[in-house]
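Novice: In case you want the letters, here they are:
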Amino acid sequence: MMVSKPALRGKRPKVLVLRAPGTNCDMETALAFKRVGGEPELVSIADFKAAKVRLMEFSVVAIPGGFSYGDDVGAGKILANQVKLYMKEIRNFVRLGRPVIGICNGFQALVKAGLLPFSAAGEQTASFTANDSGRFESRWVHLRLNTQSMCLWTQGLPEMIELPVAHGEGKLVLKSPRHLEELKKNKSIALQYVSDDGKLLGYPHNPNGSVFNIAGLTNPEGNCLGLMPHPERFTVRHHHPNWTRQTFMKEGVGLEMFRNAVKYCQS
Amino acid sequence: MTECRAAPSDGGALRFTVLPPKELKELGDKLGWSLNSAELEAIRSYFKKVGREPTRGEVETIAQTWSEHCKHKTFNGPIRYSDGKKTQLIRSLFAETIVKATQGLSKPWCLSVFKDNAGIVSFGKGGRWALAVKVETHNHPCAVEPYGGAETGIGGVIRDVLGAGLGAKPVLNTDTFCLARPDYAGALPEGALHPVRTLRGVVAGVRDYGNRMGIPTAGGGLWFDDDYRLNPLVFCGTVGVLPTWAVRKEVKPGDLIVAVGGPTGRDGLHGATFSSATLEGESDRTAVQIGHPLNEKRVLDAMMIARDRKLYRAVTDCGAGGFSSAIGELAKDCGARVELSGAPVKCSDLEPWEIWLSEAQERMVLAVPRKSYAELEKLFHAEGTGCSILGEFTDSGRLVVTLKGAPVADLDMGFLHDGMPKVERRAVWTNGSKPKPRPCGRKSGAADRGRLGSILIRMLGHLNVCSREWVIRQYDYEVQAGTVIKPLQGLRHDGPGDACVIWPAAATGEWEDLSGFSVGHGLNPSYGRLDPYWMAMCCADEALRNLLCVGADISKAVFLDNFCWASPEVPEQLGGLVRAALGCHDAAKGYSVPFISGKDSLYNQSRDEKGRDLAIPGTVLITAMAPVQDITRSVTMDFKGPGNSLFLVGVTKDETGGSLLSQMESCGGEVPKPDPKAAIKAFKAVAGAISKKLVLSAHDLSEGGLGVAVAEMAFSGESGATIELDQVLTSPAMLPDETTLFSESPSRVLLEVSPKDDVALMRALKGVPARRIGSTTANPLIKVSGFDGSIVLETLLVDLKTAWQKTLPELLK
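Protein sequence lines, in the order shown, are assigned to chains A and B.
Residue 4 is where the first sequence starts when you use my numbering, and the numbers rise one by one after that.
Residue 321 is where the second sequence starts when you use my numbering, and the numbers rise one by one after that.
Please note that the accuracy of each hint is not assured.
SDA-like, lysine to any residue: derived pairs with alpha carbons at most 20 Å apart [what the hints assert, rightly or not]:
{"#": "1", "chain 1": "B", "residue 1": "K1126", "chain 2": "A", "residue 2": "R142"}
{"#": "2", "chain 1": "B", "residue 1": "K420", "chain 2": "B", "residue 2": "P398"}
{"#": "3", "chain 1": "B", "residue 1": "K1013", "chain 2": "A", "residue 2": "N245"}
{"#": "4", "chain 1": "B", "residue 1": "K652", "chain 2": "B", "residue 2": "S432"}
{"#": "5", "chain 1": "A", "residue 1": "K253", "chain 2": "B", "residue 2": "L834"}
{"#": "6", "chain 1": "A", "residue 1": "K253", "chain 2": "B", "residue 2": "D833"}
{"#": "7", "chain 1": "B", "residue 1": "K1126", "chain 2": "A", "residue 2": "E140"}
Quick caveat, the hints were computed from the structure, so don't treat them as lab data.
Quantities reported herein were computed from a predicted structural model and do not represent experimental measurements.
Chain B on its own, in the form it takes in the complex (with noise of 0.2 Å):
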């Protein structure tokens, strides 16, 4: 064992309760706690009830308990909330929307929802099996070092779905990365990094992570907006898959408390950060955690032995916060007793509060019954893995921390969790005081032959648009043998699908059963930017369309949320995300999918060069995950050949705003508005249609609207195609070419269907606004004739393919 260095010796007691105000609000930002004066004083005032100072390792556990980060308090605080026309008093934004929604549906095979580390549904035939599924940001790190940032998100985010119930055993990542354009020129404050390198930081984050640990990265996106260039924003999911008996857990008091995995260091410690301030030049010390996989694929295989002979009753991972949130969570209801001597450690010269506090990767903590600890500890010894014995829970409502039996903390469990002053935020929504740009929707005429396609082939080699096959190879998406539907697919496997198909068989080990399941995304800040509350809808309505676009049965979705977005302080940039987090209700509601797990990541703004505050647009990321009942009838979105009809479901409507068209031609216009009950009406035909195996492809509309999306299907399956724009159901029924061919109005999705199988689908989709539009041809080219009958668009597929393929490689040269 090494000794690290001479920690500062303030470990003991404060003197807290005497400090006037100020001062100790100064103490509180000196050593990092983040804790606002209306929470000091709360702490304050507990400790003279009690009757002595606090010491240093209490408030550290009460700080990491209070933070942002782990009690949401913007999100479970009451806002006062205006909208312009009246105001009003939202108690709990969390609980009136998105818990709301979710209880309002009430949907049985929801088995656990926002109480435990993840989301669990139930999954397969026979109910013997449930998926438990989460989504993490890391954010934060991820801007100050991109790779051990990305690493330690999915690192975490794994161990999560791992803490989920006994533990579920993971089957499929996400990854999304929101950045600047590669290509950015512009000025960078000092010490930022260029977007290039946290491109790459967080790509090879993921893989080396992700690909070590054996779990199958599918699926995920890219978005890139200069506004990220000093907040990037990653998002890492899990999904996890557990028996239905192991969903439960419990703690019982006289149960040990044990840690398995890596020992403890001065890693990833906050306070530490700021006690830097006498300690010059060591401030990156502690700033990042470090990443090992193959620690954690230790833990992971010992803890999938050992639930499956029951050794252990609960389980929770150690995130932020360390031991001190991990045995928090586990007591919260009975109490516990720690001795930190039991802890192993990566060096001897850790303070007390930074054992308790560390958040050093890859540990969970277990509830273990006295009698089954010798195995416990000889299955993980095996692995070649960590175990120690912390101490026990009790019954006593208090959490009790020593070393060597001298005291660090001795806390009320009920103060600790319930003990926080709310703060109540305000919150502005106006809209419309933005200048208004000309309107999208070109009138057609002879000179647009070349212009629609040059436009068409601009959106296709657009970033937000382009192929990420570059990254995508770079994760080993196939470990575990059930990506049954891949993320490139197509003839030549490199077009870009909509969503993964995974058949956990492996983990199962029941092969002959065909359940299945996929997980979609729904991101685009640009809609934000002009409502953010018809932004979190038409993410809603993107992810159901990528599941639904593989064969997925959308009426047993659920949703996960995301939401990143800049100081919550700040009134107009709080009412972005309250209309956010409303779109997420009435999206819930509408499409009638419950939201079963989420996470939100705050403070996302940064000083520029210049030293202005640079907010990142408000974000979310809707992801969302179906069961495929039947993986053999799933659906990629290559044209499987020539001579079949193309049919469009959904109306297309004046819908430019914040679309790809209005950022390439400066126009603008109405933001999508979904309408979700008679979407969901569609996509259940839809669905209905794909069961009975009359779909050979489907893809869904998004950026760039009808023409990116066939040109996509055409080159992906190598057949051209004709459309007739005057066949495409319009809402109002004229509209210019340029606007049917690239509105990114929501809902719709892109059929290709045999033509001895034209009338079927009519009857399967009766009821719904749906119109065959054209069809698929030998012919390597894309066609399409305006309202008018005259060619608008003549390209050939190979063009358009190059223009999709070249964008990434050439950036990242």
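Chain A on its own, in the form it takes in the complex (with noise of 0.2 Å):
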């Protein structure tokens, strides 16, 4: 498949930040990509519904986390719902090669819109449950990246991260055994969660059973990510729970993703 490059290239590529009623991380995220050179603009669902902002004047879509709509028929579903109706050029822009990334409730919007696991005919293959756990659980994870994954999120990135995960329907289910391995087969689990030495362990590890500990999705192009934990909690070395002990010198890893969004959009 062509990946073409974002059409409107530019210095500051402009960063649309989705927020619906319940969106609670969209100015944490907004500072991310401001800080490393996007131009973030917060565009409320509402806009798209009163078709006020078109979607392809934006190089890059970012659906933040929180609890749009309360999360009251299930997390991110209503959103997805939304998305699916007033945002309809959403596929497309993820056709053309856009970078477009969700993050926890934004993950689970962009899976119940059928967008991750990304196929030809758009329809749902995976959704969230509630953690194994049985409660909402704030806590840092590791992560291993794919090394052999297109995501262009994470290129570059070291292959064991750090990063926090909050939420409490956070476990990915597949609509069959069949689907995880096409998604090994695409190389679309973008993010595992791990033990500190890199093995795929159990609770709390995994903080909430999701099958083969996928923290995030990736489309096969690697243009669209969706994941469970925060980057944007981690682009400051002072957001690690252990920087104070020396071990962190260096800035947040988080902060290399929305990097790479951008400088991607640049060149």
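Mind assembling these two chains? They're in different frames, but the hints should get you there.
Specialist: Right, here's the structure in full:
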């Protein structure tokens, strides 16, 4: 498949940070893009409904975390329907190769809108359910990146990274075992929860009980990423829980993900 | 729109002025006004002068405005206080203690104190930003319905901050719970909830509301005492950030009164609960308000945009009393004309006074210039929340309320706000009447080696010390990406941090400014059982040390007070409350830290299963907040590695009264007594050492004293420690090892310092009592040598940590 670069290249690529009632992580996500040279704009889903904005004017789309519409009928479900209804061009946006990221609630919405795992037919083949622990949980996790994946968001990052998760409905489930095989084959599993020595282990290393420890998915082309962990919460080293132990002297690894997308648009 | 049910049709004029006093009091009690006879007479004479009968809406408005909840009669009224030696008249406890101390200090960075919905202080570099902070209690609702009570508790305090100045963006929530032990096995009266159910409910309430609002809950505490079993305490706090230009609000006559947020229903209507005398089986219908975080999030998001576009001139939240108190407050100095038909309602059969008084959640009232209204309405509707005109502010000095033109209330503002007769209460403080237990501090001996270790392990597993990870992890404590020092600290992110540090860069957008702030807490009702004065002092001291230990600038700290007490009509109870307030005054003066906001919750007592009055232990929560000038210099409490020096700052005295040791060993002693002048000098020296990057870790000594503090630092950092008790500065010079290890003398902190900085640290701490008492080790155990040099405690870190971690999970399995 042809992957074309964003139509509107420029010094500061325009980043659409999507808001819906109950979106929480919009400001820090926008700040992360701003710090790496993006030009973020908070756009409400209502603006799409009122046809006030045009998706194709943006170079990047980010769907941040939160509890959209209170998550009252399942995490991200209503937002997913709204995206399908009012942002019809989003599939085209992905197909054109422009960067899209869904974080936490945004990942849940991408999955429930049938955008991830990505298929030509656009059918939904995965979903989320309550954490195995039965509780909302906040904790930092170790993640292993799929170095064979095409994902542009994670290019050049170390194979093992740390990010925080905070969710109650983060357990990814797939429609059938066949779909897992497909994800493996297409190198679409971008991130997995692992122990600090890189093993696929259970709770608390896998904080929610996701199938095959999946923490993030990408489309085979690698421009659309969904993940439960929060990269926008590790954009300075002082975000790390152990920075006072002086074992993490570098900038937060999450910022690199946003930088990758912005650089990709600039090149 | 639905019709909820037929409402009692007593909404019109009352036969108020002609009723005999006794019948009037009965009517008031029946309708749930909680007005005493003197207040009823004051209302009667007002309406006699006016020359007509009051409407139900008018009396309800006055009853709300004059309630203990809104007017704080006890704190603002005269008290004749006797402490056994002399009797004095306190004209206003609030004015003569807390306000007086703050006024005396007159700190320039306090931008708004006691006036607004929250205290406001300046923040960050360049004076462009300010922080609004408020801590509220929601005790009575949480006793009835823990989940809903906690939800609306946190929802309410968020609105307080949203209604401070022209509205602050919340960046931190805190929660503190005082409950009976989850394994309480005693009897409970009918209808009382078991403490496990209360604990699960209040945690879930704070979690579901706070997480959905996108505000990190990253501070607070838990305290267990069985005397809270009928009256659990739930403290909810919020800190918000606002631009300095938005600190002031003003109302101009002609401005529109605009209600934004959710519709109005019959929820949280105090009068209605009593009207159920004629409607059996519906008494719980309106007891607790219904929380809806998504609605509040919509209001928050719309308000922040409207504020920055300057579409309104003033704002306040709808809390107790609903529209009546919100509009009454805003119109205090001018007047208002309200037409209730503008209010969106949940059901069509609300009585006019019910609309006026409803405590339906998620509503704010704004003062909006006429020319801005259209834009404002569009904005709120775009966010999917309500916006409607309720009337206008006037210069009449009157509050006039109508529904479709028919009068609901027409009151003089002066009478409404200042017409309440003052009641003089009596307070008595008696000390020393309680039997004295065996003094703590057994002599050391060969057998102590096992004994002190076993005490330490039991202390770490004690409910008031043990790990709160089960609670903390349910909160999204990192949303907004500003929690740079987290509530859980250490190598494995599970140690007990002293306080969080928040860097509100996402809210301000100024990521190059490394200014942050920290919030700490002090609460210890066990000391209060001995003397509420010293309890207040100790709480202030501990809250400050929480801040000190993460590297905050305590010279710019502020305090908030939350008093929870039993009935102030019992002179002995009120005596304790006066003692606590005097303690707050002296703490503020002594530490040079002003109070900027506070709240009291009284009448926390209920009939137990045998029909006796069970009062809560008098409780003060002191919340302290201070700026962190540079978040990259913050410190955590976990040991950073082996071979470092351990310095204990402060003097250890024979102060075991109310201590954890006294509870575990059934012994007693003197209640801890801080010396604020000496303490603040030491704190400033420690702060100086931290800012010079001399300190690797810092932890305050609180429940369980030195023993618990060393253990927590050690297992959090996975380094062992050796401690030499003969090096500890004590007064008198010789104390039993048990006392040195577990005394709870205030104002002490333990510091870990690289040995190459030993000299520099001692130089920084010149003139301050401080001594090197040991070092960190690679051996994973704690080894303590006693006064005579023999080993008195030797325990593996894994045993200490296991004991500390297992308590709550086992009880809440």
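Novice: Which numbered hints does this structure break?
Specialist: When the structure is compared with the hints, none of them turns out to be violated.
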